[in-house]
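All chains should be built: construct the whole structure from the sequences, respecting the hints.
Our numbering puts the first residue of the sequence shown at 1, with every later residue one more than the last.
Calculated from the structure, these hints are not laboratory results.
The C-beta atom is built at its ideal place from N, Cα and C for all residues, glycine as well.
Take these hints with a grain of salt, some might be off.
As the list claims (entries may be wrong) - Estimated spans, in silico, between C-beta atoms of each pair:
{"hint": "1", "residue 1": "A242", "residue 2": "K284", "range": "24 to 34 angstroms"}
{"hint": "2", "residue 1": "R272", "residue 2": "R154", "range": "12 to 22 angstroms"}
{"hint": "3", "residue 1": "A242", "residue 2": "R124", "range": "14 to 24 angstroms"}
{"hint": "4", "residue 1": "R277", "residue 2": "A158", "range": "19 to 29 angstroms"}
{"hint": "5", "residue 1": "G24", "residue 2": "T91", "range": "11 to 21 angstroms"}
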Amino acid sequence: MNPWLPTAPCTPRTCAGHEGRVRGRPAAAALLLAGCACILAGALAAPLLPLLGAARRERLIRRWAYGVVRAFGVRVRIVGTPGAPDRTPGTPGTLVVANHISWLDIPLVAAVFPGRMLAKSEIRGWPLLGPLAARGGTLFVERDRLRALPATVRTIGAALRGGSRVVVFPEGTTWCGRGPGGRFGPAVFQAAIDAHATVVPVRITYRTAPAEHTTPAGHNATAEHTAPAGAAAFVGDDPLVASLWRVVTAAGLTAEIRVLPPIPADGPPDRRALARRAQTAVAKDSANRPPESVHH
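Below, the structure written as structure tokens:
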């Protein structure tokens, strides 16, 4: 392991437990098949997306990504205004930055902000998800090669200048979501500054209804009756298959994504200040406060 890369103290054994209702094997297996089938359908349809107009393509991607999370048995709560106003031709895109907890983060963010993801190169080899990510324009980065970082920043900057929306998890690794999380690396924020692109921070939270407070099917558990969901955490050396099974067997999971106020890239004086401002916005946002605007 490269000692210069960000690491988290979270491990599957200590951080990925589930406290609450558990689904039986038949129901969990059905959800696993449904989720994989939904991903496969997206992979098969991906080559046809360029034939559609931008607005229609974005709507379909949002609906598909939302459907992926729901297919795995996870409810979705979106707080704030999904997406962004129509971009004026010739203006730069936006850099969407989020805390990182799970592989579920990818379709969850895409349900609100379809865009080009920045992902570690290992994801390219994942079954179903890897080919789909590549076809969706994912920007892959080799985390073990720090010398490749300047080229990655240039690639992100070029995408932003071309009007693309780029989605980044600047912590550089996953955290379980039960603590403050990691530091936002400043490198990707340089791309936003170079492209004069707006930064949109979002906060991701996974919640579960404890067994004694589980709500009936079809009803939301209120924030005060929920607790952080370890089952969604994909941390450390956790195998993807084990994480998939843990998610589908854990009943009562809710994924919340909260859209925070945008930050102009030309506001803070440099990339480190911009990274700190975005990190502070995500860290200070309270997942327990009543949502102002919720979409399901």
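Now for the hints, and whether the structure bears them out:
no.: 1; hint: A242 to K284: 24 to 34 angstroms; in the structure: 33 angstroms, holds
no.: 2; hint: R272 to R154: 12 to 22 angstroms; in the structure: 19 angstroms, holds
no.: 3; hint: A242 to R124: 14 to 24 angstroms; in the structure: 21 angstroms, holds
no.: 4; hint: R277 to A158: 19 to 29 angstroms; in the structure: 24 angstroms, holds
no.: 5; hint: G24 to T91: 11 to 21 angstroms; in the structure: 51 angstroms, violated
Checked against the numbered hints listed earlier, the structure breaks hint 5 alone; every other hint is satisfied.
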